Amino acid sequence: MVKVMVYPPTSMILSDLVERMGHEALVISKEVRKKINTPGLDSPPLNITPEDAKRGLRYAAVDVPSGVRGRMALIGPMIEMADAAIMVQGDGCNLGCTGCARTNELAGFLLRTKKIPLLELRYPEDETEAKWFVRKIREFLEGLE
Amino acid sequence: MIRIAQLSCGPEYSGIQGELEKAAETVGAKLIFPEVDLEDIMEVEKRFGFEVASGDLNLAMARATRIVEMPDMVDAVFVTTCFRCAEGAIVRSEIRKYIHENSRLPVLSYSFTERTSAETLLTRMEALVTTAKYKGLLSRERQTGLTAGIDSGSTTTKSVVMRDNEVIGTGWVPTHDVIESAEKAYDAALEAAGVKREEIEGLGTTGYGRFLAGKHFNAKLIQEEITVNSKGAVFLADAQKGNATVIDIGGMDNKAISVQDGIPGTFTMGGICAGASGRFLELTARRLGVDITELGKLAMKGDHTKVPMNSYCIVFGTQSLVNSLSAGKSREDVAMAACHSVAEQVFDQQLQELDVKEPVIMVGGTSLIEGLPRAMEELLGLKIIVPEYAQYIGSVGASLLVSGLVED
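Residue numbers (this note's numbering), protein chains in the order written: chain A, 1 to 145; chain B, 1 to 408.
In short, the hints are calculated from the structure, not lab data.
Take these hints with a grain of salt, some might be off.
[As the list claims (entries may be wrong)] For lysine-lysine, the following BS3-like pairs were computed, each having C-alpha atoms within a straight-line distance of at most 30 Å:
hint: 1; chain 1: A; residue 1: Lys34; chain 2: B; residue 2: Lys30
hint: 2; chain 1: B; residue 1: Lys196; chain 2: A; residue 2: Lys35
hint: 3; chain 1: B; residue 1: Lys22; chain 2: A; residue 2: Lys54
hint: 4; chain 1: B; residue 1: Lys22; chain 2: A; residue 2: Lys35
hint: 5; chain 1: A; residue 1: Lys34; chain 2: B; residue 2: Lys22
Note that the structure is predicted; figures quoted are calculated from it, not measured.
Take the sequences, apply the hints, and build the full model.
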């Protein structure tokens, strides 16, 4: 079993595929859950505090917008933990954690340069493409040790 | 409860959403998020005319279109994105213009960092809520009865006494202790007007020390300076009908306000560095060995193009000042360059966010430094009006508005 980061990290479909193949999916909902289950709500609704934006300095410089750094405080540690990754582009509408295009570009760059097994795909637009999409992901996941 | 629609990208990930909500709650408002369908976001380009790579910005634009379709769902709009995000800044500006052009809702635009606190936002939120809540009071055009205003500013405290639409007494002192300075300024205004304190029917306070001074004097009106200054400005410049733009370069921060029929609409409140404020001109006057009241006259004899100066930061601005004098530049040219530098920053950082419409009215003590309105005229290519009593603008606005409460 390996830790597979999925991107967008909010994707339920990708995380389900990863889990079905016996691996651990790294998804943002788990990170956010840790935040909101922490006693005390400093900054509802996500309980991300200005300290998180400072922790994000590990991934982006101080002149990078605070929203990017705050998001990277969640996504960055997941990238560090990842043994493999699946990235899907062109899924149309990303909101919330993936609502910032600059964060998505930075996360993509960090995953590509991490030198881990990485599968990059386009979001399928019809049934044929969807079948091919699932097959490619299954083959990739089966090939992971 | 005033409903403010929040159109944003990033505050919850910058850890400041709680601060935004706290600021809204403090001024009796609630932030709401207009509901949209996924389809609205997917078709944002068709509906708004613009689509960007960031999903949250597309969501903000989709929400803006929903507000324009159903303007009764909110009372005001707050558009906010991360500081230093180019995409965010473009969208923020376009949303502000879109709401402004397609509704009568007041809009506040703001870029935040993780250091943004509720306190930073309070004056802006208060102005937004006042504009939404007290349209009747704000549309008041005449001062009636015997009222007074105190403007407790960061550098100076001003006071006026007004009777039946006329200023009859003024007082001006440097701000040291808030209450002590307010007492002195108020006493001076009362003495000049020849009236006793107990005769005053209503007192309004504004400026940084408004809460403290307001409590001390049991003021009928305690109001932030954006609303009050814009009222005072259009009253004194006799521009209460139609559009107007008010520019107030203060000792600590600057305000640029778009006014329609005497009611403030869009506004910006800046002051990243003291180099863009009256503080830098005070420092310039001291370095040139003239009184601040003489700086303007000196500047009017100078040519700013002969002295390179950028006071984006007061330290660098001071370096330019010292270097220019050491290089043999004339005091007149340096004085004008300082005025031009301050005006340029207000133009670059604040006026770009407003639809500058004539008449353009400059107010506050700095408007009396003649070089400053002249520099602003050059930058805007428009005539600037500096009304009589420009330095008392906050007190005049407070006195005018409080007379409405006395009548009620």
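Status of each hint after checking the structure:
1. A:Lys34 with B:Lys30: Roughly 28 Å between the alpha carbons, so the hint for Lys34 (chain A) and Lys30 (chain B) holds.
2. B:Lys196 with A:Lys35: Violated: Lys196 (chain B) and Lys35 (chain A) sit about 60 Å apart, past 30 Å.
3. B:Lys22 with A:Lys54: holds, 22 Å
4. B:Lys22 with A:Lys35: Holds - the C-alpha atoms of Lys35 (chain A) and Lys22 (chain B) are around 20 Å apart, at most 30 Å.
5. A:Lys34 with B:Lys22: holds, 24 Å
Going down the numbered hints, you'll see the structure goes against just number 2.
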